[in-house]
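*Asks:* Letter by letter, the chains look like this.
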Amino acid sequence: MALETMTKVLRLVQLLDYFRYGLCCVNIIKHPRKASATVLLSFMLPTLLATSPAVASVFSVTGRIEAALVLANAGADSLPSWQSKGVGSIRAQDNQLEWQQGFVNIDYALNKNWKANAVINAYADGEKHLGFTQAYLQYKPLSPNHIKFKSKLGMFYPAMSVENTAEGWLSPYTYTQSAINSWVGEELRVFGGEASLFANGRKRRSPWSWEANVGVFKGNDPLGTLLAWRGFAMHDRQSLHNDRIEFAPIPSVLDERNFASPSWLEPFTEIDGNWGAYFGFHLSYLRKSNMRYYFYDNRADPNAINQDRLYGWHTKFHSVAYQHQLDPNWRIMLQLMKGSTLMGKRSVYADFQAAYIAVSYAQKAHHITLRLDYHDVAEDDIKPQDPNNSHGQGYTAAWRYQYTPSIELGAEFNQHNTFVENRAQLNFEQEQRQSQIRLVLAYIF
Amino acid sequence: MPHVLAVKKGTQVLFPDSDNVLHHVYSFSRAKTFEIDIYKEEIRRNILFENAGIVALGCNIHDWMLGYIYVAESSFFTQTDSDGNATFAYAGAANVKIKLWHPRLDKKDQQTLHSLIQSDTASDAEQAIDTEVTVRLTQALLPSYSEFDDVHGVGNYD
Chain A
87 MALETMTKVL
97 RLVQLLDYFR
107 YGLCCVNIIK
117 HPRKASATVL
127 LSFMLPTLLA
137 TSPAVASVFS
147 VTGRIEAALV
157 LANAGADSLP
167 SWQSKGVGSI
177 RAQDNQLEWQ
187 QGFVNIDYAL
197 NKNWKANAVI
207 NAYADGEKHL
217 GFTQAYLQYK
227 PLSPNHIKFK
237 SKLGMFYPAM
247 SVENTAEGWL
257 SPYTYTQSAI
267 NSWVGEELRV
277 FGGEASLFAN
287 GRKRRSPWSW
297 EANVGVFKGN
307 DPLGTLLAWR
317 GFAMHDRQSL
327 HNDRIEFAPI
337 PSVLDERNFA
347 SPSWLEPFTE
357 IDGNWGAYFG
367 FHLSYLRKSN
377 MRYYFYDNRA
387 DPNAINQDRL
397 YGWHTKFHSV
407 AYQHQLDPNW
417 RIMLQLMKGS
427 TLMGKRSVYA
437 DFQAAYIAVS
447 YAQKAHHITL
457 RLDYHDVAED
467 DIKPQDPNNS
477 HGQGYTAAWR
487 YQYTPSIELG
497 AEFNQHNTFV
507 ENRAQLNFEQ
517 EQRQSQIRLV
527 LAYIF
Chain B
2 MPHVLAVKKG
12 TQVLFPDSDN
22 VLHHVYSFSR
32 AKTFEIDIYK
42 EEIRRNILFE
52 NAGIVALGCN
62 IHDWMLGYIY
72 VAESSFFTQT
82 DSDGNATFAY
92 AGAANVKIKL
102 WHPRLDKKDQ
112 QTLHSLIQSD
122 TASDAEQAID
132 TEVTVRLTQA
142 LLPSYSEFDD
152 VHGVGNYD
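Those protein sequence lines, which keep their order, are chains A and B.
Okay, so the first sequence: first residue is 87 according to this note's numbering, each after it adds one.
Okay, so the second sequence: first residue is 2 according to this note's numbering, each after it adds one.
No wet-lab data here; the hints were simulated from the structure.
In this text, a Cβ means the ideal position worked out from N, Cα and C, and glycines have one as well.
Heads up, some of the hints might be wrong.
As the list claims (entries may be wrong) - The calculated label-pair distances, taken between Cβ atoms and stated as ranges, are: (1) A:S492 to B:P17: 17 to 27 Å; (2) B:K100 to A:D413: 30 to 40 Å; (3) A:F505 to B:E36: 55 to 65 Å.
Unchecked claim - With a Cα cut of at most 30 Å, we get these calculated DSS-like pairs of lysine-lysine: (4) A:K289 to A:K198; (5) A:K289 to B:K109; (6) A:K234 to B:K108; (7) B:K108 to A:K374; (8) A:K236 to B:K33; (9) B:K109 to B:K9; (10) B:K100 to A:K234; (11) A:K450 to A:K234.
Stated by the list, open to error - Under 10 Å between C-beta atoms, here's a sample of chain B residues computed to sit facing chain A: (12) D38; (13) A57; (14) Q112; (15) T113.
With the hints as constraints, model all of the structure from the sequences given.
*Replies:* This is the structure:
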């Protein structure tokens, strides 16, 4: 019976989860004209917002258009926003239908190692209405080493936030961003380069992955102006590359005996010629927990001033952000920031600190997020006639529903309670409670 | 979803990019070193695996992604199903021995030979037909780290 075919079943009892992980979906098809099987190896990536079964391309254009019906609290404490030279701390100021934002995200793979990215935003409010919020080149060479290198060059955000992870540096959780990232979005941007070393754990059989970033940049010298003269705000208005941000005409700012500075700033202006620098370190456990530490220092000369009478503000801070996935549905996020800003020979000096904690629940196409914000700016300088103290708390609850791959519906409640000392100069109550409800419709393409 | 593929030496494997995300697939393994610049390979491309061995695949855009191609020397190989079951059909040699491979197997278990016939004196073929062989590993599986794939929306900085 030597030629008899025998069949045996091999049971590998300890390999039950043999195929329960990985990235590939494997199909085997018989090629009609070849003796050997041709094998199809398909890389299937789950994407939250897979638009259509489009083929990936070296050139991709995606984006979002967002409108909101805003019900801002009316009455005595309804305040015009800083963008209208008011002392309010939220973007909305009336009950109205608002063009919240629109952006186009352009990705272009120049070759296998170089990628270009640009995000062009359009806003109805603010001083500029169309411009870049990011535009950079990324270099990521292929390497057999466990520790790899990559770099960025251009205009971009340092990756310090675990909140702003959606396209266009938006939050996928809430519409109104945390006080920390509202500020980062309006006043902070890198115009320079970043070099990174990173190691992915899975490749070396470890649950731990890390990334270390060092960046240098020009511009961003007025960073901190808003914290000292307006205080933290809560919104989703990112500054464009050439933007100008207005704020309330505080007499002690405008006064020639004090600063004779305009009540606006161009946040990305170079004033002193100094290079700024930052360092960041990310540590991840699987893709479950992610911690990001950054130290950012714009190294501005606090005695420098330009022809518009914009000052250099030497601003530096530490930021720690942490995200943890509790289970497939629940995620917690938090960020802490602590730093200081200095202008002149201690004409303005303030310590600032801010934090938020958020919990998010995802169920199919629905996301519900609750967030608590806290922020504080405390001055310690030689000009008490220019008060810089402020503090506040934010309460945000948002529901977002991905109705179709291209339509998102959402609703959000946001309350921002603030104390800003210099409001008294304009005869406003220093304590203000502002709230808003937003009903959002977004088109994603 | 599986992330291991077993093929015979000399097989061509096709790498279509079937989602709408760009990938840059590569391997630095001794059995096959290659990269597919999918950025310019919108047309599917075959890769010939002419040497036996383990080919570890990565993606230079998504660093956590990992896949394996097991390139077998002989045509006597098979791949288990998701429950760890595999069926061999072969012309009855007297004493067939097999090796197991899995990315999470300990080295010792990868080198151990397992006999498909439970008794060396099994001249009676009847006894050997349709028997079931269970292999017990001597070492626990290495950690899976499948959680790398579980979480979405971790960041656009990956």
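*Asks:* For the restraint on Q112 of chain B, tell me whether the closest CB of chain A is nearer than 10 Å.
*Replies:* At 16 Å from the nearest chain A Cβ, Q112 of chain B fails the 10 Å test, so the hint is violated.
*Asks:* Could you say whether the range 30 to 40 Å given as a hint is met by the Cβ separation of K100 of chain B and D413 of chain A?
*Replies:* For K100 of chain B and D413 of chain A the Cβ distance comes to about 38 Å; the hint holds.
*Asks:* Check the hint pairing K109 of chain B with K9 of chain B against an upper bound of 30 Å on the C-alpha distance.
*Replies:* holds (23 Å)
*Asks:* Does the beta carbon distance between F505 of chain A and E36 of chain B stay inside 55 to 65 Å, or does it fall outside?
*Replies:* holds (58 Å)
*Asks:* Against the 30 Å threshold, does the CA-CA distance of K450 of chain A and K234 of chain A hold or violate the hint?
*Replies:* violated (35 Å)
*Asks:* Holds or violated: K236 of chain A with K33 of chain B, Cα cutoff 30 Å?
*Replies:* holds (25 Å)
*Asks:* For the pair we were handed, K289 of chain A and K109 of chain B, check the Cα-Cα distance against 30 Å.
*Replies:* Answer holds: K289 of chain A to K109 of chain B is near 21 Å, not above 30 Å.
*Asks:* K108 of chain B and K374 of chain A were given as a pair; does the straight-line alpha-carbon distance stay at or below 30 Å?
*Replies:* holds (28 Å)
*Asks:* Would you check whether D38 of chain B satisfies its interface hint, that is, whether its CB is within less than 10 Å of any CB in chain A?
*Replies:* holds (4 Å)
*Asks:* Are the Cα atoms of K100 of chain B and K234 of chain A separated by 30 Å or less?
*Replies:* Not satisfied, since the Cα-Cα distance of roughly 34 Å exceeds 30 Å.
*Asks:* Could you grab the alpha-carbon distance between K289 of chain A and K198 of chain A and see if it respects the 30 Å cut-off?
*Replies:* At roughly 21 Å apart (the allowed maximum being 30 Å), K198 of chain A and K289 of chain A satisfy the hint.
*Asks:* Hint check: K234 of chain A vs K108 of chain B, CA-CA at most 30 Å. Holds or violated?
*Replies:* It holds: about 27 Å lies between the C-alpha atoms, which stays within 30 Å.
Violated hints, in rising order: 10, 11, 14 and 15; the structure is consistent with all others.
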